[in-house]
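**Student:** Letter by letter, the chains look like this.
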Amino acid sequence: GAVVSQHPSWVICKSGTSVKIECRSLDFQATTMFWYRQFPKQSLMLMATSNEGSKATYEQGVEKDKFLINHASLTLSTLTVTSAHPEDSSFYICSASGARNYEQYFGPGTRLTVT
Amino acid sequence: GEDVEQSLFLSVREGDSSVINCTYTDSSSTYLYWYKQEPGAGLQLLTYIFSNMDMKQDQRLTVLLNKKDKHLSLRIADTQTGDSAIYFCAESSSNTGKLIFGQGTTLQVKP
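Top line first, the protein sequences correspond to chains A and B. In this text, residue positions in the first sequence follow the working numbering: the first is 229, and each later residue adds one. In this text, residue positions in the second sequence follow the working numbering: the first is 79, and each later residue adds one.
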């Protein structure tokens with residue numbers, strides 16, 4: 229149980245375009261979803277926390293107009309990187325927690341490359 | 079603010095035990111976690127321990143928590159080559175579920 233999927237697993241886009249990444253909880257209802265960014269050989273940086281039906285809470289330094297997060301249902305959250313630039317290239321990982329909010333399960337990650 | 083520290087690298091021989099250490103600063107931590115990340119993949123929750131526990135064992139994994147020293151360790155018995163990965167320690171102290179991660183320890187298992 230507790231499976232989280234992400235789509236796509238990797239994406240290449242041109243500078244200036246927008247990219248949407250989906251995060252789904254497959255076998256549980258995710259009341260809270262988190263979005264992280266990971267640079268090579270580094271730890272995870274929390275970008276934002278989203279609760280179903282509410283606006284996301286962004287961490288300090290994360291541009292909410294650039295990284296749009298939507299958590300429209302208990303099984304789906306999306307991250308849209310708007311007007312992507314090469315510096316947005318990174319590994320984006322989502323996680324989800326349900327009724328037992330101290331258990332957080334991670335998706336497999338999405339590798340974004342902006343050319 | 080909260081901080082979680084780990085050593086960056088550990089190398090062991092197959093069949094030996096591995097011990098990965100972690101220290102944290104937040105005395106109000108309620109849960110402490112160990113996650114495993116293989117190359118190009120997401121994080122796999124290995125185990126977690128509630129702050130009022132000293133030890134938790136799950137098959138080959140043993141977690142020890144010294145709350146006084148704010149020290150957490152993960153022992154992997156009979157380490158296998160498939161255990162080679164990056165291991166992240168994390169703590170949570172708020173009801174938001176927000177995790178604070180360490181830098182990750184790369185475990186190299188030599189045959």
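Since the hints were made in silico from the structure, they are not lab data. Hints are supplied without guarantee of correctness; some may be wrong.
[Unchecked claim] Quick list of in silico lysine to aspartate or glutamate cross-link-like pairs, EDC-like style, CA-CA up to 20 angstroms: (1) B:K146 with B:E116; (2) B:K176 with A:E287; (3) B:K188 with B:D147; (4) A:K269 with B:D161; (5) B:K134 with B:D147; (6) A:K269 with A:E315; (7) A:K294 with A:E331; (8) B:K134 with A:E331; (9) A:K292 with A:E250; (10) A:K269 with A:E331; (11) B:K176 with A:E315; (12) A:K269 with B:E92; (13) B:K148 with B:D104; (14) B:K176 with A:E291; (15) B:K176 with A:E331; (16) A:K269 with B:D147; (17) B:K148 with B:E83; (18) B:K146 with B:E92; (19) A:K242 with A:D255; (20) A:K248 with A:E331; (21) B:K188 with B:E116; (22) A:K269 with B:D136; (23) B:K145 with B:D104; (24) B:K146 with B:D161; (25) B:K114 with B:D147; (26) B:K176 with B:E92; (27) B:K114 with A:E315.
[Unchecked claim] Rough simulated footprint, nothing fancy, chain A against chain B, three-plus residues with beta-carbon under 8 angstroms: (28) 95-108; (29) 148-157.
A quick note: this is a predicted structure, and the numbers were derived from the prediction, not measured. Beta carbons are placed, not taken as given, at the ideal position from N, Cα and C, and that holds for glycine.
**Student:** Kindly indicate which numbered hints from before are broken by the structure, ordering the numbers from low to high.
**Tutor:** 1, 3, 7, 10, 11, 12, 16, 18, 19, 20, 22, 24, 25, 26, 27, 28, 29
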